[in-house]
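Colleague: In case you want the letters, here they are:
Protein chains: 2
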Amino acid sequence: MRISRLVTRTLRDDPPEAETASHRLMLRAGLIQQVAAGIYAYLPLAWRSLRKVEQIVREEMDAAGSQELRMPALQPMELWEQTGRAAAFGDNMFSLEDRRGRPLALAPTHEEVVTNIVKGNVQSYRDLPVILYQMQTKFRDEPRPRAGLVRVREFTMKDAYSFDAGDAGLDASYQAMAQAYRNVFRRCSIPVVMAEADSGAIGGKDSHEFLLPTDTGEDTVITCPSCGYAANAEKASGVYPDQPIPEPLPLEEVSTPGMKTIASLCEFLGVDEAQTLKAVFYAADGEVVFVTIRGDLDVNEIKLKNALHCNELRLAEDEEIASAGLVAGSASAIGITNVRRVADPSISSGGNFVVGANKNDTHYRNANYPRDFVADLVTDIALTKPGHLCAQCSTPLTATRGVEVGHIFKLGTFFSETLGAYFLDSEGEQQPITMGCYGIGVSRILAAAIEQNHDDRGIIFPAPIAPYDVHLVALNMADEAVAEAAVDLYDRLWAAGIEVLFDDRTDAAAGVKFNDADLIGLPVRLVVSPRNLRQSAVEMRGRTSEEAEMVAVDDVVEAVRGTLQPA
Amino acid sequence: MRISRLVTRTLRDDPPEAETASHRLMLRAGLIQQVAAGIYAYLPLAWRSLRKVEQIVREEMDAAGSQELRMPALQPMELWEQTGRAAAFGDNMFSLEDRRGRPLALAPTHEEVVTNIVKGNVQSYRDLPVILYQMQTKFRDEPRPRAGLVRVREFTMKDAYSFDAGDAGLDASYQAMAQAYRNVFRRCSIPVVMAEADSGAIGGKDSHEFLLPTDTGEDTVITCPSCGYAANAEKASGVYPDQPIPEPLPLEEVSTPGMKTIASLCEFLGVDEAQTLKAVFYAADGEVVFVTIRGDLDVNEIKLKNALHCNELRLAEDEEIASAGLVAGSASAIGITNVRRVADPSISSGGNFVVGANKNDTHYRNANYPRDFVADLVTDIALTKPGHLCAQCSTPLTATRGVEVGHIFKLGTFFSETLGAYFLDSEGEQQPITMGCYGIGVSRILAAAIEQNHDDRGIIFPAPIAPYDVHLVALNMADEAVAEAAVDLYDRLWAAGIEVLFDDRTDAAAGVKFNDADLIGLPVRLVVSPRNLRQSAVEMRGRTSEEAEMVAVDDVVEAVRGTLQPA
Chain A
1 MRISRLVTRT
11 LRDDPPEAET
21 ASHRLMLRAG
31 LIQQVAAGIY
41 AYLPLAWRSL
51 RKVEQIVREE
61 MDAAGSQELR
71 MPALQPMELW
81 EQTGRAAAFG
91 DNMFSLEDRR
101 GRPLALAPTH
111 EEVVTNIVKG
121 NVQSYRDLPV
131 ILYQMQTKFR
141 DEPRPRAGLV
151 RVREFTMKDA
161 YSFDAGDAGL
171 DASYQAMAQA
181 YRNVFRRCSI
191 PVVMAEADSG
201 AIGGKDSHEF
211 LLPTDTGEDT
221 VITCPSCGYA
231 ANAEKASGVY
241 PDQPIPEPLP
251 LEEVSTPGMK
261 TIASLCEFLG
271 VDEAQTLKAV
281 FYAADGEVVF
291 VTIRGDLDVN
301 EIKLKNALHC
311 NELRLAEDEE
321 IASAGLVAGS
331 ASAIGITNVR
341 RVADPSISSG
351 GNFVVGANKN
361 DTHYRNANYP
371 RDFVADLVTD
381 IALTKPGHLC
391 AQCSTPLTAT
401 RGVEVGHIFK
411 LGTFFSETLG
421 AYFLDSEGEQ
431 QPITMGCYGI
441 GVSRILAAAI
451 EQNHDDRGII
461 FPAPIAPYDV
471 HLVALNMADE
481 AVAEAAVDLY
491 DRLWAAGIEV
501 LFDDRTDAAA
511 GVKFNDADLI
521 GLPVRLVVSP
531 RNLRQSAVEM
541 RGRTSEEAEM
551 VAVDDVVEAV
561 RGTLQPA
Chain B
1 MRISRLVTRT
11 LRDDPPEAET
21 ASHRLMLRAG
31 LIQQVAAGIY
41 AYLPLAWRSL
51 RKVEQIVREE
61 MDAAGSQELR
71 MPALQPMELW
81 EQTGRAAAFG
91 DNMFSLEDRR
101 GRPLALAPTH
111 EEVVTNIVKG
121 NVQSYRDLPV
131 ILYQMQTKFR
141 DEPRPRAGLV
151 RVREFTMKDA
161 YSFDAGDAGL
171 DASYQAMAQA
181 YRNVFRRCSI
191 PVVMAEADSG
201 AIGGKDSHEF
211 LLPTDTGEDT
221 VITCPSCGYA
231 ANAEKASGVY
241 PDQPIPEPLP
251 LEEVSTPGMK
261 TIASLCEFLG
271 VDEAQTLKAV
281 FYAADGEVVF
291 VTIRGDLDVN
301 EIKLKNALHC
311 NELRLAEDEE
321 IASAGLVAGS
331 ASAIGITNVR
341 RVADPSISSG
351 GNFVVGANKN
361 DTHYRNANYP
371 RDFVADLVTD
381 IALTKPGHLC
391 AQCSTPLTAT
401 RGVEVGHIFK
411 LGTFFSETLG
421 AYFLDSEGEQ
431 QPITMGCYGI
441 GVSRILAAAI
451 EQNHDDRGII
461 FPAPIAPYDV
471 HLVALNMADE
481 AVAEAAVDLY
491 DRLWAAGIEV
501 LFDDRTDAAA
511 GVKFNDADLI
521 GLPVRLVVSP
531 RNLRQSAVEM
541 RGRTSEEAEM
551 VAVDDVVEAV
561 RGTLQPA
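Chains as they are written, first to last, in the UniProt record's numbering: chain A, 1 to 567; chain B, 1 to 567.
Okay, chain A solo, but in the shape it has when bound (with noise of 0.2 Å):
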């Protein structure tokens, strides 16, 4: 490709809106072009990675058995409404009419869909397992699309989905997919992190992420350094600091005027955090409920909104608050009976704690469960912090941020059970088919890839997923010696399998000709000068070397396949 007739324009300075590194030199490089919020065109460069991508993946997913196939995007609503997804989903699923006034989602995800192509061609166990997968454009009304690709609107995604006669298949099934993942992250040269996750929307029973650790990530990973624990930080587990469990003293009513958060009250009375306990209210589906947990301690929300069962949860407004007759500030369950009530096990660890009188500017001392306040729900639903102990080896744990690549979960028989997906087992009895799902955002691993492998001067391309293998500078085209000799090269690199970007401008300088060659980051720079060509020579530096090295003409094809060849 020559580059004068690229459609893509090179950026000199960082885009105002660019918040991480992969969204900056995405933009600046010329890869993606945003056409509304969270929605974007890829441009001939990112294109071609993209494609590199996919096919990676395919051959990842074709080794390890599965079938490619295309399921649509437009579907009907009522499919989703018998899995109760339609609700579960809620605004992040595009919904439209057709012109006949029929509800149509735009798929974020297709196990309803692919349960029902499984059930109209699988009867036995003989049929089973099967691993279905396609790449395909999916669409999640993001609320708040950020980072260049991460979060994005319409995204490309591989997404594959397994059938198995039983628990154990699943587990195969999983095992493969997982080893899938790995390779094909190694093979974009993403490190990852593979970390027990919720599942979400998605339903359910185990499940985990890839996650890239990059300090932009917007998921927070906590990590055991000795025993290699990881789970993502809505769903780890961990155990927190215990607290002694005092002789229960008499309730006593204390005046704490303008003591309205924890770390103030604590310092006004003279106690740690830990010997607190914490009210906090949520509206879950728009019920107010009213949450203890002792004062050191976070909610996790995912571990609540699966605790409640609900399909939308968030702190509840001032005015839902006040309208339950709740006194924000200094509120406890003590005497609470119009509200659900729910707490979390640490409530019994430790005692006589302050607690809130339900009156403003006044606490209790001593506040002791369940003597003197009841919960309708005790759950964990403790956010496992950064210097928590491991679950399993007690070693402190840590956290750190991370953006998810990849997600897999076991399914079971939920939704092969709800849309009668059933097989005859070696018995001749029927039995729900066992299903797992697992999903790569394609375009988010091109940011992933760029996030891990950038510069200063601009994008690292691992030599797999990039655009072309060289970047071909020709300095002073004008000259007929340097023109004839830089096209020819390009041809016999083309000739002989590498793929080639062409700086053939006339009008651009060798400065910036060298800094776009930094910034768009393919693997190789050879340049072509008249200065090299009266040494029969051209000047080839791999991207993250320092040191250029001079290569005769008739051996630049031999060159540059060895540097492309992986170490």
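Heads up, some of the hints might be wrong.
Said to hold, decoys possible - Covered stretches of chain A, as calculated for chain B (at least 3 residues, CB under 8 Å):
{"no.": "1", "segment": "30-42"}
{"no.": "2", "segment": "71-83"}
{"no.": "3", "segment": "109-119"}
{"no.": "4", "segment": "301-315"}
Stated by the list, open to error - Over the 12 Å line for every Cβ pair with chain A, so calculated as not near, a few chain B residues:
{"no.": "5", "residue": "R48"}
{"no.": "6", "residue": "A107"}
{"no.": "7", "residue": "E112"}
{"no.": "8", "residue": "I117"}
{"no.": "9", "residue": "K260"}
{"no.": "10", "residue": "E267"}
{"no.": "11", "residue": "R314"}
{"no.": "12", "residue": "R371"}
{"no.": "13", "residue": "G497"}
{"no.": "14", "residue": "E539"}
{"no.": "15", "residue": "R541"}
{"no.": "16", "residue": "V551"}
Think of the hints as simulated: they come from the structure by calculation, not from any bench. Being a predicted model, the structure only gives us computed values, none of them experimental. By construction, the Cβ of each residue, glycine as well, lies at the ideal position given by its N, Cα and C atoms.
Fit chain B to the supplied structure of chain A, relying on the hints for placement.
Modeller: Using the frame of chain A, we list chain B on its own:
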């Protein structure tokens, strides 16, 4: 691929809903599964085939010097309002709102977005010409989805857009794309007619369709058997038989009780249809339009719609006709002033016409234009029919039905002027970029290839787009020698780069396997059986050969290769 694992089930009987051969065969062979009206999942066999079609299209587009990119399906509706095409597409375009209530379109085509991309990346005539293309999922809310993959609401399309510095450049890009399209159809074994076409809601000047002639097609192509002229009936212009112009006679009222049709009227009065003028009432964007055309001709609604510059055109309803004070069955333009009157020039070919008298059961003889009635607009709105004469060589034209598989358009500068995509010419003057656009329905190519290539036993896949090259049938897999020989052959063929579908089923009879092989229609069938193995041979048969041949086991790879070579 082993059929025992393949997610596909063939059907023995024709599905009742299938109207065309390709639809019927694609359902029976398990290629597609309907998800909603006009919305299909492509099962693994179809998807392999479609990916090969995509690759052929990609190779021809790349060879023609165009660059692949990927644009999004979700687009701000605002962009479509800027060009006026939100109204032009109307209900044919899916529209929705995001969670913040912002209107979005599911793009049926991409002129708006691609023009904005080029606008941001092209500055000077030196950056032109440029052709961009994508393989992308398109959405169109067709009023009447039909014929399997022929008229659907979600489909894969290759759409390309050319950008040139003027009309001469556009002509060259247009020719290059036309040639690329011919190459694609040849490689997919689809014999096409390239016909002049109307450019519809896409807009623009010249336009051509590529059509596969077939009785089940929904388009009519008018062709000249002598000079090769070909045009979609919507666009075709031919010469209808001239009528002699007689001496005008005085207008004369006649009673025509019960004569509501042209045919009954002609019989009653003893005149030819060409001696009458007929009145047809349309509603153009809701306004009643009175159309007059010679009685032996029909109105070409596309020409009429273009002449009226309206977005929606349909026959007027009875109450609309009545409320405009018109008398259906006895209407003429004589004395009509309260509605818009459009006439075809055929009102002046002939004379002393029989026309309606605008009262029930009454007509006039000897109506003449413009003596007796006037029109607001006289323009060619006649439908060219077989038997009319070729405008170029006066040969009687013929008509065939066809399925459109490609469509190319000269757009001119409408989009670049509307959206501000200009370039600096060699004089430093700002000029709008001249555009063309080019579409191929990838999934429709598959349907057309099957429509063209089948027999009463099933599909006859053209080798370049067959899901697999070879259908390997093992008879009696319980026989260890058969199983071993078949698996060995399967492995050797794949190792030689030959793609094999392996019927390894233990529970299917030989007849079922042979029927499935014919139905799926791969180019070569190989049969491993106890009897064949006794001769150390395998039976080989091309899908269209009457005769099978025995091939020594060791020679099979070579023999298959020879059969797959293009003749």
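Colleague: For each hint, tell me whether it holds in the structure or not.
Modeller: Outcome of the hint check:
Under a criterion of three residues with beta carbons nearer than 8 Å to beta carbons of chain B, the stated coverage of the segment 30-42 of chain A is upheld, 8 such residues being counted. With 6 residues bearing a CB less than 8 Å from a CB of chain B, the segment 71-83 of chain A meets the requirement of three and the coverage assertion stands. Judged by the Cβ-Cβ criterion of 8 Å, the segment 109-119 of chain A is covered by chain B as claimed, because 4 of its residues qualify and three suffice. Counting residues of the segment 301-315 of chain A whose CB lies closer than 8 Å to any CB of chain B gives 0, so the stated coverage by that chain is violated, three being the minimum.
Non-interface call for R48 of chain B relative to chain A: violated, since the shortest CB-CB distance, roughly 8 Å, does not exceed 12 Å. The claim that A107 of chain B lies off the interface is violated: its Cβ sits roughly 10 Å from the closest Cβ of chain A, which falls inside the 12 Å cut-off. A cut-off of 12 Å between C-beta atoms contradicts the statement that E112 of chain B is not in contact with chain A; the least separation is 10 Å. Once the 12 Å rule is applied to beta carbons, I117 of chain B is inconsistent with being away from chain A; the minimum gap is 6 Å.
The Cβ of K260 of chain B sits about 33 Å from the closest Cβ of chain A, beyond the 12 Å cut-off, so the non-interface label holds. Non-interface status of E267 of chain B relative to chain A is upheld: no Cβ of that chain comes within 12 Å, the nearest being about 42 Å off. With a cut of 12 Å on Cβ distances, R314 of chain B stays outside the contact zone with chain A, its closest approach being about 14 Å. Against the 12 Å criterion, R371 of chain B stays outside the reach of chain A, whose nearest CB is about 46 Å from its own CB.
No beta-carbon of chain A is positioned within 12 Å of the beta-carbon of G497 of chain B; the least distance is around 15 Å. The beta carbon of E539 of chain B sits about 27 Å from the closest Cβ of chain A, which is more than 12 Å, so the claim that it is off the interface holds. With 12 Å as the threshold on Cβ separation, the claim that R541 of chain B sits away from chain A holds: the shortest Cβ distance comes to roughly 27 Å. A cut-off of 12 Å between C-beta atoms confirms that V551 of chain B is not in contact with chain A; the least separation is 29 Å.
Consistency note: the structure conflicts with the earlier hints numbered 4, 5, 6, 7 and 8.
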